[in-house]
Amino acid sequence: MRVKFPLMAIGLEVAMIVLFKLFVHYGNDQNTIQVNSTSKPNVTDSFLELYPFFQDVHVMIFVGFGFLMTFLKKYSFSSVGFSFFIAALGLQWATLIQGLLHSGGRKFDISIKNVINADLSTATVLISFGAVLGKTSPIQMLIMTILEITVFASNEYLVGEIFKASDIGASMTIHAFGAYFGLAVAGILYHSDLTWKHHNKESYHSDLFAMIGTLFLWIFWPSFNSALADTGQKQYRAMVNTYFSLAACVLTSYASSSLAENRGKLNMVHIQNATLAGGVAVGACADMNINPYGSMVIGSIAGIISVIGFKLLTPFFATTLRIQDTCGVHNLHGLPGIVGGLASIVAIAMGVSDTSSMAMQAAALGSSIGTAVVGGLITGLILRLPIWEQPSDWDCYDDSVYWEVLYSVLQRNPGQQCECGNHNQLKPED
Amino acid sequence: MRVKFPLMAIGLEVAMIVLFKLFVHYGNDQNTIQVNSTSKPNVTDSFLELYPFFQDVHVMIFVGFGFLMTFLKKYSFSSVGFSFFIAALGLQWATLIQGLLHSGGRKFDISIKNVINADLSTATVLISFGAVLGKTSPIQMLIMTILEITVFASNEYLVGEIFKASDIGASMTIHAFGAYFGLAVAGILYHSDLTWKHHNKESYHSDLFAMIGTLFLWIFWPSFNSALADTGQKQYRAMVNTYFSLAACVLTSYASSSLAENRGKLNMVHIQNATLAGGVAVGACADMNINPYGSMVIGSIAGIISVIGFKLLTPFFATTLRIQDTCGVHNLHGLPGIVGGLASIVAIAMGVSDTSSMAMQAAALGSSIGTAVVGGLITGLILRLPIWEQPSDWDCYDDSVYWEVLYSVLQRNPGQQCECGNHNQLKPED
Amino acid sequence: MRVKFPLMAIGLEVAMIVLFKLFVHYGNDQNTIQVNSTSKPNVTDSFLELYPFFQDVHVMIFVGFGFLMTFLKKYSFSSVGFSFFIAALGLQWATLIQGLLHSGGRKFDISIKNVINADLSTATVLISFGAVLGKTSPIQMLIMTILEITVFASNEYLVGEIFKASDIGASMTIHAFGAYFGLAVAGILYHSDLTWKHHNKESYHSDLFAMIGTLFLWIFWPSFNSALADTGQKQYRAMVNTYFSLAACVLTSYASSSLAENRGKLNMVHIQNATLAGGVAVGACADMNINPYGSMVIGSIAGIISVIGFKLLTPFFATTLRIQDTCGVHNLHGLPGIVGGLASIVAIAMGVSDTSSMAMQAAALGSSIGTAVVGGLITGLILRLPIWEQPSDWDCYDDSVYWEVLYSVLQRNPGQQCECGNHNQLKPED
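Chains as they are written, first to last, in the UniProt record's numbering: chain A, 1 to 430; chain B, 1 to 430; chain C, 1 to 430.
Bound-form chain A, shown alone (with noise of 0.2 Å):
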């Protein structure tokens, strides 16, 4: 941590404004016609529309990725913190990576819509962080942030300008790309010493704060899946279908998560991800006519498989897949959004939408994930170069390694030390 991160943040930073002067501007046009014209200008017009929809997005970025993650009862600070520093790198970046993509390089305009896909654009990378959660330093996130919204970019402009395929909440170019990306960097920065490590639980208030994170993700997923829709008939059916698709999902991931533990009781891993994944599962096809019952079925499935996932396949990828999934982003972004590229696929087949073809989507979906895979190992091989100070086995999942922690139990009664001697060897309560 010493110099490299805060000089790595720095320069980038500089870079940033230098970019920013050469490529981005307000665009005179707006100007012009306020002027001219007595009717208001389009830009801002859409803007105060969309505004509303921009700020539940926020919120979704970095109140709700955030606080999902501080589920770990040592490692809330960094969750939550690191959280806020990718995000806001990673907003500039994306601005001006899709801004050049889609101008083909040249100055382009702010508008709504590049603030609102820069903020979507950095939950690719929050869903990789959560693979990689407690294992990896704040220098190897900057470059990680850096190196996946360039990829996420690239991958996008294939899916949306090539293909032309529908994805309008994103189920495959943002949540099953960073889960798939996130899963790759995870296998190659495997810590084969994990399993003692008792940091990687979480403690009765972490999980609590985790679900101020789950419910405003939940609340404002609608939002997500309709803020970029067409105004009108598309954007009134990525909402409505959204917001079934999550209270579905909710009854069946309850239903499997007491299915799955012993005696019937939940498991707060369960709900504070499997519930979510309605919003995830529904968003390829959100504005498509699939009718609120099928929104309900794909929201009901997604729950379903979410909770299976963590049951098995997390235990499974860990073990010999040697893939150490932190908060299960597999179950919450990677299976259900394949399960929303291939709604999507059946959507269309049932002729629903006509804005894309079976193939395209299928080419989608396939895009995606091997985009990622091969971003994601790449990434990984870079984030191994032994120079990003990657935390060792023991530092991992600890937050006094990268935060000033105050040791609150001796410093809260200092003359009360308990007899227990070796209490001096604590690390900050949670």
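Please keep in mind that the hints were generated in silico from the structure rather than gathered at the bench.
Possibly wrong hints are sitting among the right ones.
A pair holds if it fits inside one copy or across any two, identical chains being indistinguishable in the list.
[What the hints assert, rightly or not] Calculated cross-link-like contacts (lysine-lysine; reagent style PhoX-like; alpha-carbon spacing at most 25 Å):
#: 1; residue 1: K113; residue 2: K234
#: 2; residue 1: K201; residue 2: K265
#: 3; residue 1: K311; residue 2: K4
#: 4; residue 1: K234; residue 2: K107
#: 5; residue 1: K4; residue 2: K107
With chain A held as given, fit chains B and C onto it using these hints.
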């Protein structure tokens, strides 16, 4: 829990999907309008206009009510988790029931108002949940959700369509109804041996989590009361009146709490709840011409009455009436709901509204409380059947009955067992 | 506390109601327009348009500021509770004072802009509250609220109506003003014997609660800076500039924090506060044509200066100047507010705005700081009168002085008293 709860949840979801297929669709009219007319269609237009209101209400239901009830130190998982489940189930059922009631049993379209109404309906169950919090099983809550929303929708239809009473913020139909329904259920499900139960307490941090709920409810209450008001002057008044009523209520709540407690201290329970009573009480006349100062009078009274309720009525209910009101919903929703009904009668008497008559307002209040008590008693009797796994007195207020909870003290420092051997019997710490 | 505080609170609320009856009404014009015109009336039209901005600001005031200050481990109830009280009182008083100032003492109408302005005004007091946090009684805060909002409204009138200076995001009139007002009060109320006080610390979870505040402030700051901007290009620019300024500020805050601390670790205090400095500093020129890269330069500088302030100035203030700035509001609001004022002068010098002159901006900055210091000193002297129950040094930073706090360790495990007898002296644990 073992299989009853998951099977009932999945069964209900399947039933919902079938019913949605039969009765709920987007409405092709919207497409037609969109194609044939140059102006944007009405449904999607009002969709965008009311969407921010919907999202505000959505936050209140899922974060507001969910976290408001996390104040119990060992029941926070259940508070936030079962609220989530109840609301997700309830909104699906409410969409159906309300749609069918208003369409006369025919197919109906989903508009943004249906969605807002569905969310609002779940508030009724969440209020009742507050009365029985900690003393019921998930299956019981599942059954209560279905029964209560059915009764609620019937009463709301009666009040709105037959009496044509005015209750824009639902002081009577949601708040008073939810409270008295819950109290009736709690009375039937009386637990005789809870007084010794030290779990029925808040902790420092669980009180802070509850404040997240309080504040989001408080902040978005103007949206709750104005979301369904007629666009224009009435919606504007509903928002402004609620804003000032709530602000006034905060002052009198703090003052009353300080007067009610030893040595003038403040009580977190009052701050969490009584500060919201102004939003409840101004609901029925929120869109009337009562002037800002009128709403401040209503809010001030509500705050005082609510604190008095917590201080005097809740203990009286628990001991003499044998009704244990865990969250004190009678003080937050019951009494202020009645104040709201009475305020609307006074407002009409003073001539500030011609939308309803005093008699119809009185009928609405009577009907809401009467239906709630009868519905609650019947529901309570059904819930008392010995097949719904009602928790024993010993298991009340205890998350570990329904959730996989880490025994975090021991897990955290497995090698550092305290000398005091009885720590092994520790329940999860808060 | 015993009776002074509640009686003053109720007395003030009664006074508010009387004053609202005399001066505040909805305005009949709106009804007239609504009836006579086919288009929707202006007031309610802009009501719907700005309502989402209002709600964003509302979240910042009540959740943002309230939770930002919960970082003290034994003063979280007071932080969130007194913020709530201050804001609810302040918005009523601000509505009156601002309305009367702008109407010349006559009756005035409530528009959505009045409501937004009322919320914004309370930010000033909440900032000052941060400087004296933990060292004042509720009565003192009640008096400070009334006095500060009066002085604030006067200065704002001077800056906006007389100087006609440009300060759309209120860098000078709210942030610098609130900070220097609070520092002046803190200087007068100096506590000589606080250094030993170990309560003046954060705990792991109190720092996480504070991050809820930070993130909601950060997320909605674009709304704070653009809510009152002219619709169209200016509002669009205010939002975009704030968005990018904040993103850049995050990167330099993290970098500076890492450089400032031992072994390159991050400090939660910096992350909670310095990351927001970009929103403050870009405020005064947010609606000017400074370009995205310009706002990123401003945000970058603000983040660095803020961390330097925490590292060097706060200790200097506490020891040499005898001003104890509990939350470091000088680093989050004072310094960045000055940066904002200077940036607006530079921006006008560079010709990107013709809305104000350099001299008038300088006058606005000078007036804001000067009025704040003088107003703060006088307020401090009034608050030092021995009748306002100022806490003793011993009672500082301690919730149990003002709140019924459960001594949770003992309550929780009543039968499991620790061998160490001195646990009986424990204050409520965090």
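Structure-based check of all given hints:
no.	hint	verdict
1	K113 - K234	both (16 Å within a copy, 18 Å between copies)
2	K201 - K265	both (18 Å within a copy, 23 Å between copies)
3	K311 - K4	between (39 Å within a copy, 20 Å between copies)
4	K234 - K107	between (31 Å within a copy, 21 Å between copies)
5	K4 - K107	neither (32 Å within a copy, 61 Å between copies)
Hint compliance for this structure: hint 5 is the single one not met.
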